[in-house]
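Between the sequences and the hints, there should be enough to build the whole structure, so can you do that?
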Amino acid sequence: MYIVKNFDAILFPMANFLLETKYIPCFCKIRPDKFEVSFTIDSLEEIVLSVENFELDRLEEYVPVGVGGQWWIYNDSIITIKLNMNNPSILEILDLAFFDPYLGWCWAIKDGKYAEVREVDDDGNCINEAKLRYPLLK
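Numbering of the sequence shown is given in UniProt numbering, commencing with residue 1 and proceeding in unit increments.
Read the hints as simulated data drawn from the structure, not as lab findings. Since we're looking at a predicted model, the values are computed, not measured. Possibly wrong hints are sitting among the right ones.
[To be verified] In silico lysine-lysine, BS3-like type, Cα no more than 25 Å apart, as pairs:
{"hint": "1", "residue 1": "K113", "residue 2": "K22"}
{"hint": "2", "residue 1": "K110", "residue 2": "K29"}
{"hint": "3", "residue 1": "K34", "residue 2": "K22"}
{"hint": "4", "residue 1": "K110", "residue 2": "K34"}
{"hint": "5", "residue 1": "K29", "residue 2": "K113"}
{"hint": "6", "residue 1": "K82", "residue 2": "K22"}
{"hint": "7", "residue 1": "K113", "residue 2": "K82"}
{"hint": "8", "residue 1": "K82", "residue 2": "K110"}
Here you go:
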């Protein structure tokens, strides 16, 4: 999984910020044929990155998948990216976590490798735990 670098020269200062900062807030939209990363910080709003060579089946192990819409995964996220030293037109994903209101942060990639798959029980414990953690959920 990688990102083809497509920054304009105009966005150069912000491009440096992207490559030098850990855990940048973003929004991930994923379906079988497309994975887009857009940014929620005002100065980065115009940058949309396209992730190539991703495995949707693998990502589904880390975050709940939605049904009935255009995107299967549609989540607030955080990302850390770096320039590939062997190919400067490629960006590597060092960290990627999706936020789920019931589960919290779901790490998919940590330190450049897939994270351990989180065990989730389906008996309602995670929902009860979320209600304690996020009291506004009813």
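Status of the hints after comparison with the structure:
Distance restraint check for K113 and K22: the Cα-Cα separation of roughly 15 Å lies within the 25 Å cut-off, and the hinted pair is therefore satisfied. At most 25 Å may separate the alpha-carbon atoms for a hinted pair to count; K110 and K29 meet this at roughly 19 Å. For the proposed pair K34 and K22, the alpha carbon gap of about 24 Å is at most 25 Å, so the pair holds. Only pairs whose Cα atoms come within 25 Å are accepted, and K110 paired with K34 is accepted, the gap being roughly 22 Å.
Of the supplied pair hints, the one linking K29 and K113 holds, its CA atoms being roughly 20 Å apart against a limit of 25 Å. Taken as a hint, the K82 and K22 pair is honoured in the structure, with Cα atoms around 10 Å apart against an allowance of 25 Å. Taking the CA atoms of K113 and K82, the gap is about 14 Å. The hint holds against a cut of 25 Å. With a C-alpha separation of about 13 Å, the suggested pair K82 and K110 falls inside the 25 Å cut-off, and the hint holds.
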